[in-house]
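Throw the hints in and build the complete structure from the sequences for me.
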Amino acid sequence: MSELFGIIGNPIEHSLSPLIQNKAYQSHHIDAHFQAFHVEYQDLETAIKGMKTLGIKGFIVTVPFKAKVIPYLDEIDQTAQKTKAVNIVHMIDGKYVGYNFDGKAHLEALLEDMGIQSLSNQHILIIGAGGAAQSIYYTLSQFKDIKIDIANRTKEKAKILKDIGVNVKNTNVISLAEAENKHIQYDIIIQTTSIGMWPETDKSPINISHLKPGTFVSDIIYNPSETKILKQAHENGARTQNGKKMLALQNALAIEMWTGKKVDYNVMLQTLNEALS
1 MSELFGIIGN PIEHSLSPLI QNKAYQSHHI DAHFQAFHVE YQDLETAIKG MKTLGIKGFI
61 VTVPFKAKVI PYLDEIDQTA QKTKAVNIVH MIDGKYVGYN FDGKAHLEAL LEDMGIQSLS
121 NQHILIIGAG GAAQSIYYTL SQFKDIKIDI ANRTKEKAKI LKDIGVNVKN TNVISLAEAE
181 NKHIQYDIII QTTSIGMWPE TDKSPINISH LKPGTFVSDI IYNPSETKIL KQAHENGART
241 QNGKKMLALQ NALAIEMWTG KKVDYNVMLQ TLNEALS
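Mapping the sequence shown onto full-length UniProt numbering, position 233 (from 1) lands on 233, and the numbers just tick up by one.
There could be a bad hint or two in this list.
[Said to hold, decoys possible] Each computed PhoX-like pair below joins lysine-lysine, with the alpha-carbon atoms no more than 20 Å apart:
1) Lys147 to Lys212
2) Lys104 to Lys84
3) Lys203 to Lys162
4) Lys84 to Lys95
5) Lys182 to Lys228
6) Lys104 to Lys147
7) Lys57 to Lys95
8) Lys162 to Lys147
Since the hints were derived computationally from the structure, they do not count as laboratory data. This one's a predicted model, so the numbers in the text were calculated from it and none came from an experiment.
Structural data, given as structure tokens:
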């Protein structure tokens with residue numbers, strides 16, 4: 001009998017996870033099916049109980065439930081505790097355990113696309129202070145020899161984000177205007193907000209018209225493939241990365257956790273590219 005996995009969210013109709021997950025199962029001969037579940041806000045607890053009763057061994061959590069799901073889980077890992085957000089759930093011995101793989105997936109994608117094994121001595125700008133920024137910052141803050149600036153529309157929210165870090169002495173909170181004025185200083189710029197996402201593709205959180213040689217700009221948005229900030233970065237000689245590889249890696253990590261089988265994330269990345277072309 002096939003295992004059933006899924007994703008919960010609201011709205012959920014736009015999710016590409018069912019497409020890429022089922023393609024991975026098919027390509028790797030895994031007897032499983034992945035389903036999207038639209039959950040109403042007031043029905044979240046009932047939905048989690050129902051999934052456990054059905055024996056669903058794992059599911060992905062997306063907006064707006066990454067924080068709201070925590071009270072209905074049995075345990076959460078350290079990253080989820082720090083960031084107060086869960087995006088992967090796995091049933092272990094009848095208990096639902098929540099994890100946050102946003103930062104892990106982004107770091108793997110970043111290192112691979114930059115062609116390096118460490119972020120030592122990098123000066124990094126993180127734009128945004130939302131859910132994805134929390135996990136990405138928490139992961140990066142564990143490096144002792146990098147410097148991080150967090151820029152957000154409201155500095156108060158960025159200060160709260162700084163407090164979850166490990167090596168906070170290496171972190172500064174700045175305004176978006178300050179980030180725009182000093183963007184030439186950064187080795188890596190990571191854009192974590194929804195600004196520039198389809199259909200508002202003409203927007204960018206900051207202007208980056210002057211970049212130092214070798215700058216790498218990452219935007220976690222995957223639709224469009226090239227946001228306004230990535231287009232500007234590319235035009236100014238920077239290497240760039242969109243959110244497709246991060247999404248593919250998140251799903252690959254989930255499959256490995258749920259099934260014990262390592263899958264080639266490139267299968268999912270290719271499916272993503274085809275779906276968004």
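Could you grab the alpha-carbon distance between lysine 203 and lysine 162 and see if it respects the 20 Å cut-off?
Given pair lysine 203, lysine 162 is violated - Cα atoms ~26 Å apart, limit 20 Å.
Lysine 162 and lysine 147: Cα distance at most 20 Å?
12 Å, holds
Agreement of lysine 182 and lysine 228 with the hint, judged by alpha carbon distance not exceeding 20 Å
19 Å, holds
Within a Cα-Cα threshold of 20 Å, do lysine 57 and lysine 95 meet the stated pairing?
Between lysine 57 and lysine 95 the Cα gap is close to 9 Å, so the pair holds against 20 Å.
Agreement of lysine 84 and lysine 95 with the hint, judged by alpha carbon distance not exceeding 20 Å:
19 Å, holds
Taking only the CA atoms, is the gap from lysine 104 to lysine 147 under or equal to 20 Å?
Within the cut-off at roughly 19 Å; holds.
Satisfaction of hint between lysine 212 and lysine 147, Cα-Cα up to 20 Å
Since the Cα atoms of lysine 147 and lysine 212 sit roughly 17 Å apart, the hinted pair holds (cutoff 20 Å).
Proposed proximity, lysine 84 with lysine 104 (alpha carbon, max 20 Å)
16 Å, holds
Checked against the numbered hints given earlier, the structure breaks only hint 3 and satisfies all the rest.
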